[in-house]
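Engineer: Next come the chains, spelled out residue by residue.
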Amino acid sequence: AQRVTQPEKLLSVFKGAPVELKCNYSYSGSPELFWYVQYSRQRLQLLLRHISRESIKGFTADLNKGETSFHLKKPFAQEEDSAMYYCALSGRTNAGKSTFGDGTTLTVKP
Amino acid sequence: DAGITQSPRHKVTETGTPVTLRCHQTENHRYMYWYRQDPGHGLRLIHYSYGVKDTDKGEVSDGYSVSRSKTEDFLLTLESATSSQTSVYFCAISFKPPLPPFEQYFGPGTRLTVT
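Here the protein sequences line up with chains A and H, keeping their order.
Counting in my numbering, the first sequence runs from 1 upward without gaps.
Counting in my numbering, the second sequence runs from 1 upward without gaps.
In short, the hints are calculated from the structure, not lab data.
Worth double-checking, as some hints may not be accurate.
With a cut-off of at most 20 Å between alpha-carbon atoms, the simulated SDA-like pairs for lysine to any residue come out as follows [what the hints assert, rightly or not]: (1) A/Lys-22 <-> H/Lys-11; (2) H/Lys-11 <-> A/Lys-9; (3) A/Lys-9 <-> H/Asp-38; (4) A/Lys-109 <-> A/Val-37.
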């Protein structure tokens with residue numbers, strides 16, 4: 001079975017501070033991992049995919065297979081980063097279905 | 001927005017009534033999904049489809065049915081709505097199956113209230 005855990009429901013930081021949103025997963029095969037973001041009353045949108053090893057809006061995430069983690073990081077948080085963030089896992093053999101974590105609400109204070 | 005729309009965007013209905021939500025996509029994607037979003041539960045998969053007339057259950061499918069008679073439309077039906085089905089419902093499509101990565105693209109959501 002696949003599982004995604006986001007241990008923090010709420011995270012609050014000040015503008016300019018570093019931020020890290022934690023994500024741990026459980027999956028027996030090779031996972032595809034993603035971070036999605038949902039700004040207030042908007043649709044979810046893809047932020048990052050681990051396979052691309054990209055940086056979007058200053059965010060990065062590294063897959064650590066030893067620790068089964070995919071934490072999202074940004075060195076200097078901005079107020080516009082305030083949103084709900086979901087970590088998601090998709091396996092290669094399950095019709096593209098994704099399992100989502102419960103989400104972390106990030107608030108960046110001025 | 002990957003050409004995904006949902007209708008209605010908001011609905012209030014009474015317990016026991018049937019409700020159908022529609023997801024429409026314009027880009028001929030094969031895989032479509034219905035999720036519900038609830039505080040403290042994140043996104044949970046209700047049903048998904050991997051082609052016309054091909055559907056399967058997700059983790060929270062009880063009380064829901066789906067149909068896909070055309071590639072572009074994926075309908076979610078609550079046969080007899082209950083207050084526990086008050087939620088925000090999101091439709092999603094996936095670009096790449098059967099080849100990874102399986103990133104998903106979401107519709108704007110439907111806010112359903114069952115009174």
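Engineer: Which of the numbered hints above does this structure break?
Structural biologist: 1 and 2
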